[in-house]
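Using the numbering used here, read the sequence shown as starting at 1 and increasing by one per residue.
Keep in mind the hints are simulated off the structure, nothing from the lab. Only a predicted model underlies this, so the values are computations on that prediction, with no experimental measurement involved. Each hint should be verified, as a subset may be incorrect.
[To be verified] Below are the DSSO-like pairs computed for lysine-lysine, each with C-alpha atoms no more than 27 Å apart in a straight line:
no., residue 1, residue 2
1, Lys-31, Lys-122
2, Lys-25, Lys-95
3, Lys-122, Lys-15
4, Lys-95, Lys-38
5, Lys-95, Lys-15
6, Lys-98, Lys-25
7, Lys-38, Lys-122
8, Lys-122, Lys-25
9, Lys-15, Lys-99
[To be verified] Ranges between beta-carbon positions, derived for each pair:
no., residue 1, residue 2, range
10, Pro-92, Glu-47, 25 to 31 Å
11, His-79, Ser-13, 28 to 34 Å
12, Pro-50, Glu-74, 27 to 33 Å
13, Asp-16, Lys-99, 24 to 30 Å
14, Lys-95, His-118, 16 to 22 Å
15, Thr-5, Ala-39, 31 to 37 Å
16, Arg-97, Gly-17, 16 to 22 Å
17, Ala-39, Gly-6, 23 to 29 Å
Glycine included, every Cβ here is placed at the ideal spot set by N, Cα and C.
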Amino acid sequence: MSTDTGVDLVAFSPKDGDARTIQVKTNHRAKPGGGSGKAALDWWLREDSPAELVAFVDLSSEHVWLMTHSEVSEVAQQHSGGRFHLYMYTDPTVKPRKKDRLSHQWEFERFLLENHVHNTFKI
Numbered sequence: 001m002s003t004d005t006g007v008d009l010v011a012f013s014p015k016d017g018d019a020r021t022i023q024v025k026t027n028h029r030a031k032p033g034g035g036s037g038k039a040a041l042d043w044w045l046r047e048d049s050p051a052e053l054v055a056f057v058d059l060s061s062e063h064v065w066l067m068t069h070s071e072v073s074e075v076a077q078q079h080s081g082g083r084f085h086l087y088m089y090t091d092p093t094v095k096p097r098k099k100d101r102l103s104h105q106w107e108f109e110r111f112l113l114e115n116h117v118h119n120t121f122k123i
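Based on the provided sequences and hints, a complete structural model is requested.
Structure representation (structure tokens):
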């Protein structure tokens, strides 16, 4: 399987013997939302991505958030044109318009690699 199919990595779990496919999405750094708004990290993901897991990476802070495809579907703030749009405000004082969804970077803490990998790989 090549990266043009939507899978960048295959990870093996020594505990259960399963291999899991991962798509990696990166950001160099937070940027203004909509070009002039508050700083946010954001990623787009095809809804039909074949990967079981998605790793969202912020290269500037070296943070990695790991989610199953179904978790991305649940927490992505936008679903448009066959794609999910996930964003995280980096400024904790930003007041999002919609309060019924995760919006701030700290709200995604449970998905940080070091917090989520144990559940995902059963280790």
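>> So if I understand the rule, the pair passes when the alpha-carbon distance is 27 Å or less; does Lys-122 with Lys-25 pass?
In response: Distance ~23 Å between Lys-122 and Lys-25 Cα, so the pair holds.
>> Assuming the hint says 16 to 22 Å, is it satisfied by the Cβ distance from Lys-95 to His-118 or not?
In response: The hint (16 to 22 Å, Cβ to Cβ) is violated, given that Lys-95 and His-118 are roughly 33 Å apart.
> Honestly, do Arg-97 and Gly-17 meet the 16 to 22 Å range at C-beta?
Replying inline: violated, 45 Å
> Does the Cβ-Cβ separation between Asp-16 and Lys-99 fall within 24 to 30 Å?
Replying inline: Violated - the Cβ-Cβ distance for Asp-16 and Lys-99, about 38 Å, lies outside 24 to 30 Å.
>> I want to verify a distance hint. Is the separation of the beta carbons of Pro-50 and Glu-74 within 27 to 33 Å?
In response: violated, 19 Å
> Is the straight-line distance between the alpha-carbon of Lys-95 and that of Lys-38 27 Å or less?
Replying inline: holds, 10 Å
> If you draw a straight line from the CA of Lys-122 to the CA of Lys-15, is it 27 Å or shorter?
Replying inline: Measuring from Cα to Cα gives roughly 6 Å; hence the hint holds.
> Do the Cβ positions of Thr-5 and Ala-39 conform to the proposed distance bound of 31 to 37 Å?
Replying inline: Roughly 32 Å apart at Cβ, these two residues keep to the hinted range, so it holds.
> When you check the alpha-carbon spacing of Lys-38 and Lys-122, does it fall within 27 Å?
Replying inline: violated, 37 Å
> Given the proposed pairing of Lys-95 with Lys-15, does the C-alpha separation stay at or below 27 Å?
Replying inline: At roughly 42 Å apart (the allowed maximum being 27 Å), Lys-15 and Lys-95 break the hint.
> Is Lys-31 close enough to Lys-122, meaning Cα to Cα at most 27 Å?
Replying inline: violated, 35 Å
> Under the criterion that the straight-line Cα-Cα distance not exceed 27 Å, is the pair Lys-98, Lys-25 satisfied?
Replying inline: Holds. Lys-98 to Lys-25 sits at ~25 Å (cutoff 27 Å).
When held up to the earlier numbered hints, the structure conflicts with 1, 5, 7, 9, 12, 13, 14 and 16 and fits the remainder.
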